[in-house]
Every structure is written in C-alpha cells, then in structure tokens.
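Line by line, the protein sequences give chains P and Z. For what it's worth, my numbering labels the leading residue of the first sequence as 712, then goes sequentially. For what it's worth, my numbering labels the leading residue of the second sequence as 8, then goes sequentially.
The set of hints was computed from the structure by calculation and includes no laboratory data. Among these hints, one or two may not hold up.
[Stated by the list, open to error] Within a straight-line C-alpha distance of at most 25 angstroms, the following computed DMTMM-like cross-link-like pairs (lysine to aspartate or glutamate) qualify:
{"hint": "1", "chain 1": "Z", "residue 1": "K86", "chain 2": "P", "residue 2": "E757"}
{"hint": "2", "chain 1": "Z", "residue 1": "K62", "chain 2": "P", "residue 2": "D812"}
{"hint": "3", "chain 1": "P", "residue 1": "K724", "chain 2": "P", "residue 2": "E757"}
{"hint": "4", "chain 1": "P", "residue 1": "K798", "chain 2": "P", "residue 2": "E757"}
{"hint": "5", "chain 1": "P", "residue 1": "K724", "chain 2": "Z", "residue 2": "D82"}
{"hint": "6", "chain 1": "P", "residue 1": "K813", "chain 2": "Z", "residue 2": "D67"}
{"hint": "7", "chain 1": "P", "residue 1": "K734", "chain 2": "Z", "residue 2": "D67"}
{"hint": "8", "chain 1": "Z", "residue 1": "K86", "chain 2": "Z", "residue 2": "E117"}
{"hint": "9", "chain 1": "P", "residue 1": "K734", "chain 2": "P", "residue 2": "D801"}
{"hint": "10", "chain 1": "Z", "residue 1": "K115", "chain 2": "Z", "residue 2": "D67"}
{"hint": "11", "chain 1": "Z", "residue 1": "K86", "chain 2": "P", "residue 2": "D812"}
{"hint": "12", "chain 1": "P", "residue 1": "K723", "chain 2": "Z", "residue 2": "E117"}
{"hint": "13", "chain 1": "P", "residue 1": "K724", "chain 2": "P", "residue 2": "D801"}
{"hint": "14", "chain 1": "P", "residue 1": "K813", "chain 2": "Z", "residue 2": "D94"}
{"hint": "15", "chain 1": "P", "residue 1": "K754", "chain 2": "Z", "residue 2": "E117"}
{"hint": "16", "chain 1": "Z", "residue 1": "K119", "chain 2": "Z", "residue 2": "D94"}
{"hint": "17", "chain 1": "P", "residue 1": "K754", "chain 2": "Z", "residue 2": "D72"}
{"hint": "18", "chain 1": "P", "residue 1": "K734", "chain 2": "P", "residue 2": "E721"}
{"hint": "19", "chain 1": "P", "residue 1": "K723", "chain 2": "P", "residue 2": "D801"}
{"hint": "20", "chain 1": "P", "residue 1": "K813", "chain 2": "Z", "residue 2": "D8"}
{"hint": "21", "chain 1": "P", "residue 1": "K798", "chain 2": "P", "residue 2": "E721"}
{"hint": "22", "chain 1": "Z", "residue 1": "K62", "chain 2": "P", "residue 2": "E757"}
{"hint": "23", "chain 1": "Z", "residue 1": "K62", "chain 2": "P", "residue 2": "D801"}
{"hint": "24", "chain 1": "P", "residue 1": "K813", "chain 2": "P", "residue 2": "E712"}
{"hint": "25", "chain 1": "Z", "residue 1": "K62", "chain 2": "Z", "residue 2": "D94"}
{"hint": "26", "chain 1": "Z", "residue 1": "K115", "chain 2": "Z", "residue 2": "D40"}
{"hint": "27", "chain 1": "P", "residue 1": "K734", "chain 2": "P", "residue 2": "D784"}
{"hint": "28", "chain 1": "P", "residue 1": "K734", "chain 2": "Z", "residue 2": "D72"}
{"hint": "29", "chain 1": "P", "residue 1": "K754", "chain 2": "Z", "residue 2": "D8"}
{"hint": "30", "chain 1": "Z", "residue 1": "K62", "chain 2": "P", "residue 2": "E712"}
{"hint": "31", "chain 1": "P", "residue 1": "K730", "chain 2": "P", "residue 2": "E757"}
{"hint": "32", "chain 1": "Z", "residue 1": "K115", "chain 2": "P", "residue 2": "D812"}
{"hint": "33", "chain 1": "Z", "residue 1": "K62", "chain 2": "Z", "residue 2": "D40"}
{"hint": "34", "chain 1": "P", "residue 1": "K813", "chain 2": "Z", "residue 2": "E91"}
{"hint": "35", "chain 1": "Z", "residue 1": "K115", "chain 2": "P", "residue 2": "D768"}
{"hint": "36", "chain 1": "P", "residue 1": "K754", "chain 2": "Z", "residue 2": "D94"}
{"hint": "37", "chain 1": "P", "residue 1": "K813", "chain 2": "P", "residue 2": "E757"}
{"hint": "38", "chain 1": "P", "residue 1": "K754", "chain 2": "Z", "residue 2": "E93"}
{"hint": "39", "chain 1": "P", "residue 1": "K754", "chain 2": "P", "residue 2": "E712"}
Values in this document were obtained by computation on a predicted structure and should not be read as measured data.
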Amino acid sequence: EVQLVQSGAEVKKPGESLKISCKGSGYSFTTYWIGWVRQMPGKGLEWMAIIYPGNSDTRYSPSFQGQVTISADKSISTAYLQWSSLKASDTAMYYCVRHPDKWGQGTLVTVSS
Amino acid sequence: DVVMTQSPLSLPVTLGQPASISCRSSQSLVHSDGNTYLNWFQQRPGQSPRRLIYKVSNRDSGVPDRFSGSGSGTDFTLKISRVEAEDVGVYYCMQHTHWPWTFGQGTKVEIK
C-alpha cells in the first residue's frame, strides 16, 4: 500500500527556521515526482514546489521561489520542505503529494509570536 | 500561471439529485504529448484531498461510478449523477499540463 507519512504539527515564532518531512513507502520513491501543497486556513490549494528524487530535479512555483526549499533523501525515501525564516503568513496546512495521485495526512504549521 | 476558474463556488444539492461543477482554464490544457492533464479532487471536511478523476474522464480506483468527468481544451465538467451524504465537501479541479500546476478555487457541495 502506498503511504505518505508526514511529520507532526509545529508551533513556531516568526523568524525561526523549520523543516518538515514526508516519508514515502509502498512504491519506488525515486520514480515519482513528489511535492508540497499549501492550504491556508479556510482557503484553497496551492502547489509550492516539486522534486524528482531520482535525479533531484526541482521546480518551484514563482509564488514560492526563494521562500522555501524542497529536498529529498532517497536513501530513506523522505522529502522535506524547509523555511529559513518563518512569517505569520506561513501559518497553514502543508500536504505532501506523490504526483499525480497520493496525498499525505498534512502537517499543520502555526507561526505566532 | 494558468488560471483555473470553477463555478459555482457553492452548490447546495438535494440528496439523490444530480450536481455539476464547471472548470475553465485560461489556456489549453492539451500537453505536447497529446494528453490533457486535468484532475478532479474531493476534500471532505477535516481530510486530505483525494483524487477522483484523472486526465479529464478517468475515474480512480474505488471512486463510485456516479462521478464522471468530461471536457476538452479549456472547458471541463465534473458531474455527480445522484448526490449522497458522503459527497459533502469541497471539489477542486487541477491542471498539471503547465508548471506551476494550479487548482481551481474550489466548489463547496452541501446538502440542502
């Protein structure tokens, strides 16, 4: 069974750094694009970035370029999304998605002073 | 970015009645490989989205046959032939022909 298991909820202060994770299992991790989708409270879905773990090819949505970094460690079938300096506006649910069909359970990130 | 415009944004439906959601894209979703990469997702309250339909009209495994997708080019439709209580949620169209991939605003389906 294909599974994407994300790391737990985070509460951070503005300016702090954060790295969230998504572990894939039940499929060949290196042969599917995997990415992150943001859902702000009560809002819709936005693709942020994707990575192909097989060769680390990476794409960022222009809206998120320079704001986050996507990475993957194929040795442990895990993808990551990181921020160097969080803002209150980063408060959202973040979903890991194996393109084109499987979603993780979501990681809620709350940024508040 | 390709803009995906859904209508309506809110859809109250009587149980057992049909429902239809429209999705229009700002440019053609026909890929250079000939495929049209238009998906439909369902997000039930408090849950992660789940893909229902891929490449316009193909139902995912386990998706009831009351869900169907159609369309071409820039104009697409999701239909529910007879709405059931478990269909309550928000429905999104999404294109992955052009990067960045983009979603529609979502259509909230509720029972009257």
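Item to complete: Sort out whether D812/P lies within 25 angstroms of K62/Z, counting only the CA atoms.
Response: Given pair K62/Z, D812/P holds - Cα atoms ~12 angstroms apart, limit 25 angstroms.
Item to complete: Assess, step by step, whether the Cα of K723/P is no farther than 25 angstroms from the Cα of E117/Z, and give holds or violated.
Response: violated, 35 angstroms
Discussion item. So if I understand the rule, the pair passes when the alpha-carbon distance is 25 angstroms or less; does K813/P with D8/Z pass?
Written reply: holds, 23 angstroms
Worksheet item: Is K115/Z within 25 angstroms of D812/P, Cα to Cα?
Response: holds, 21 angstroms
Discussion item. Just to be careful, I want the Cα atoms of K86/Z and E757/P compared with a cutoff of 25 angstroms; is the pair within it?
Written reply: With a Cα-Cα distance of about 24 angstroms, the restraint between K86/Z and E757/P holds, given a limit of 25 angstroms.
Practice prompt. Starting from K724/P, check that the Cα of D82/Z is at most 25 angstroms away, please.
Written response: violated, 43 angstroms
Practice prompt. Please work out if K62/Z and E712/P have their alpha carbons no farther apart than 25 angstroms.
Written response: With a Cα-Cα distance of about 23 angstroms, the restraint between K62/Z and E712/P holds, given a limit of 25 angstroms.
Discussion item. What's the verdict on K86/Z and E117/Z, does the C-alpha distance respect the 25 angstroms limit or exceed it?
Written reply: holds, 15 angstroms
Fill in: Restraint status (C-alpha distance of K62/Z to E757/P at most 25 angstroms)
Since the Cα atoms of K62/Z and E757/P sit roughly 19 angstroms apart, the hinted pair holds (cutoff 25 angstroms).
Worksheet item: Straight-line Cα separation of K734/P and E721/P no greater than 25 angstroms?
Response: Given that 25 angstroms is the threshold and the Cα spacing comes to 17 angstroms, the pair holds.
Discussion item. What's the verdict on K813/P and E757/P, does the C-alpha distance respect the 25 angstroms limit or exceed it?
Written reply: Holds: K813/P and E757/P sit about 16 angstroms apart, inside 25 angstroms.
Practice prompt. With a cut-off of 25 angstroms on the C-alpha distance, tell me whether K754/P and D72/Z pass.
Written response: It is violated: about 28 angstroms lies between the C-alpha atoms, which goes past 25 angstroms.
In terms of the numbered hints stated before, the structure departs from hints 5, 12, 17, 23, 26, 28, 35 and 39, listed from lowest to highest.
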